[in-house]
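UniProt numbering puts the first residue of the sequence shown at 1, with every later residue one more than the last.
Mixed in with the good hints, there may be bad ones.
Pair ranges (Cβ atoms, derived) [stated by the list, open to error]:
#1 D74 - K35: 45 to 53 Å
#2 R29 - K188: 50 to 58 Å
#3 V21 - I47: 26 to 34 Å
Since the hints were derived computationally from the structure, they do not count as laboratory data.
Think of the CB as a built atom: it goes at the ideal place given N, C-alpha and C, for glycine as much as any other residue.
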Amino acid sequence: MYSIILKSINNNEEQEIELPVLPEKIEVRESSNNKNFNLQNIGEITIINKIKAPTLKISSIFPSHRGPYVTSIDFKEPSEYIKLIQKWRDGDKENNFQKYPFELVISGSAFPLRWVCTIENFTYSESAGSVGDIEYSIEFKKYRKYELKIATVDDLHGTLKNTREEQKSTPKSYTVKSGDTLYGICKKLLGDGNKYKEIASKNNIKNPNLIFPGQVLQL
């Protein structure tokens, strides 16, 4: 059966609504993000970029009563649909207006669709001919998950270094100190204490439990 459902994917809440009246059409817009420049003696050139996030537009009504055109199982007052859509668009006051994307699921149509998306535009007005019915238009944008990475610029070489992935070089040797264990040395310097057998073999140590202060280990 043809249906359009909006579902929360926030772990702190489980809410969903099924649009009560199916739209006459669903408009999906995909556009390029290419940049055009004019160069002297060459003319216009095009820099090809990845496409913009696609958008989807739906226009329909939130009826004031259940008529034969209502296809959803659950039926709500128009104000309830509006409040929930506004909450997903603007964020929840109880959660410091933290915004979360949600899931748009279209099933039973010629092109079934499942998007994680955000609300870009939402307009509504009361129908002139039917008091209480709310006409609305809503535009969704497909959400692309991303993670910000902090980078620093090396002033000397002009290279970017990811501070999260910056690694310390492993020393080639280590001088044993009082209280050291081979397991502890391997864990601290090699990141894996279980390499103690490998280091013991490399340094001709028969008993890994017996190492002495001042002893130089090859790593």
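* Asked: Quick one: are V21 and I47 within 26 to 34 Å, going by C-beta?
  -> Since the Cβ atoms of V21 and I47 sit about 44 Å apart, the hinted range of 26 to 34 Å is violated.
* Asked: Do the beta carbons of R29 and K188 sit within 50 to 58 Å of each other?
  -> Given a distance of about 56 Å, which is inside 50 to 58 Å, the answer is holds.
* Asked: Does the Cβ pair D74, K35 satisfy 45 to 53 Å?
  -> holds, 46 Å
In summary, the one numbered hint that this structure violates is 3.
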